[in-house]
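Q: Spelled out, the chains give:
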Amino acid sequence: MSFHPKMAYDATFHKSSRELEEEGPEFAYTAQNRARFDDIITRYPPDRRRSAVLPALYLVQYQQGYITANAIRYVAGLLGITRADVEDVVSYYTMFYTRPVGKYVINVCRTLSCAINGAERVTEELSAKLGIKPGETDASGTFTLMEVECLGACDRAPAVMVNDAWHECLMPEDVPRLVDDLRARGETALSGCFHVVERKARG
Amino acid sequence: MDPVLTKYVREPNSFTLDFYLKHEGYEALKKALTKKPDEIIELVKASGLRGRGGAGFPTGMKWQFVDKKTEPRYIVCNADESEPGTFKDHLLMERNPHLLIEGCAIGCYAIGAKVAYIYIRGEFLHVQHVLEKAIEEAYARGMLGRNLFGSGFDCDVYVHRGAGAYEAGEETALLESLEGKRAQPRNKPPFPAVVGVYGKPTAVNNVETLCNVPSIVSKGAEWYAALGPEKNGGPKLYCVSGHVKKPGVFEASMNITLRELIEDRAGGVRDGRTLKAVIPGGSSVPILLPDQLDTQASFDAIQKAGSLLGSAAIVVLDDTTCMVWLAENLLHFYRHESCGKCTPCREGTDWLYKILRRIERGEGQMRDLDMLQSISNNIAGKTLCAFGDAAVTPVLTTLKHFRHEYEAHIKEGRCTLPADWRARQPVGAH
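The listed protein sequences correspond, in order, to chains L and W.
Okay, so the first sequence: first residue is 1133 according to this note's numbering, each after it adds one.
Okay, so the second sequence: first residue is 203 according to this note's numbering, each after it adds one.
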């Protein structure tokens, strides 16, 4: 419900909605991730284990791809906080997924400097090539297309982030080739992060 | 001015400890440890160093305000660089991470902290790897850890990764996030200097700010202050992006003008195009017009010209830019990033965005312009943090200088300036 008579909430308004996470299978860290967690937790005061909630959730996401209710319970148990405390965090930060995503999540920066250098066109080309709209995953589960806000690579616009790796100066006309390259050789197809000061050297 | 912060960023191994040590690395920390902590604070005060994150608050004062009676104390470095148009801290951390580590250690010594947390935005994983490697090297060679250089001073530096929230760049929201909660701002006062992370006295400093500290310690406050105009001393990093030929990070003293930065350093606007407007300090600040290009790019001069230097993110807009579209684009950002804590901002940014989208699509009415104004006035100054004021600025500033474009959209029932770099069709997920 909107509190403003002339402004109905539309379907895209997300802040008041609460979507429950999938239950998912029983969750526990692998031995390796448990060791990583045990190392991370030492960075914070012993009575402030909650500080490790973001790194703990990243470990979950890298382990099983997205965050489930069972994983939230597991993290809450590790940190000595409630499930609601963890869900509060998961639902706030945009880099956590509560639904399965594609093998490659393509995040196109849509904010000003990228936009005036063609980011809207990049999204259109990606959308056409992949046959999905922003926010969707293709049928094969290979690609998820997302629009994100400023990535902080405005001098190398338009910038995209694929999973955690960057690809910079992506021109709309280069989109089809990039998608094919991603399919063929994964993240090695990406330019990575380089600065304009180095661009000359790279040619 | 010879670059101070970015002198070596083009060197292939600039991020390694060996390279840094060859170029007087960690000498400032050694020197600082021979002085009293108060002397360091006095030195930084005398240098006039102002925070590089956006507010331009004097760093020495910030450190002085830290409550020295309560233990433990913390340095928290704000590396959440998210202000649209800003990409300077990225460069520093990736190409000169030891400078930041040294700055953190000196800051810790000055305020009597033993731990510094570097809060880095989640999208900077590749930068985080560089920074963590550098921290590891620093520990291995005794630049961090116990009893640094035999002084008895202990210092730990940890990196904490965010997860995608612009609001985490607000200092109290950052502290909340570091404590494992939503990045939402706290009511102030108390300020972090008294009640910061874990309820303890904390100094929150931007990456570039801390990177300025080593050179102040090694070369002196007078040298530092003399680099720029009065009260705007030291080297400054400028991020120039948008419609320019050679976007990038440029280091200069604050004597430089916007014209020199845009035309000389960044190559000017594309051929055949003319400059329409400049956003001088990130998306949150008012627009400056082409006739203001000779303004000095210093905190005080830009403020006098009616805008703010902010994070020195200069976004250049040429004559293909529709200003209604620009406001819509930025309000999409603010609507998405509003943390939801204060009602005027949470609801108001959504309303503003919808009205702007309506006008941009040619479905607006003249009374919408009054509504934009009134909603903006009901957000600004009515929120816990500066986000509310930031979010309405793109609306108010474009309405002020480009009202005729809004009116043309409404009269003609379409966008009157569709550029070739825009979407062919409105993109779906808006």
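Some hints here could point you the wrong way.
Only pairs whose alpha carbons sit at most 30 angstroms apart, straight line, appear in this in silico DSBU-like list of lysine-lysine [to be verified]:
#, chain 1, residue 1, chain 2, residue 2
1, W, K237, W, K383
2, W, K270, L, K1235
3, L, K1265, W, K224
4, W, K421, W, K433
5, W, K316, W, K270
6, L, K1235, W, K383
7, W, K506, W, K447
8, W, K224, W, K237
9, W, K402, W, K224
Worth flagging that the hints you see were computed from the coordinates, not collected in a lab.
Q: Hint numbers the structure violates, sorted upward?
A: 1, 2, 3, 9
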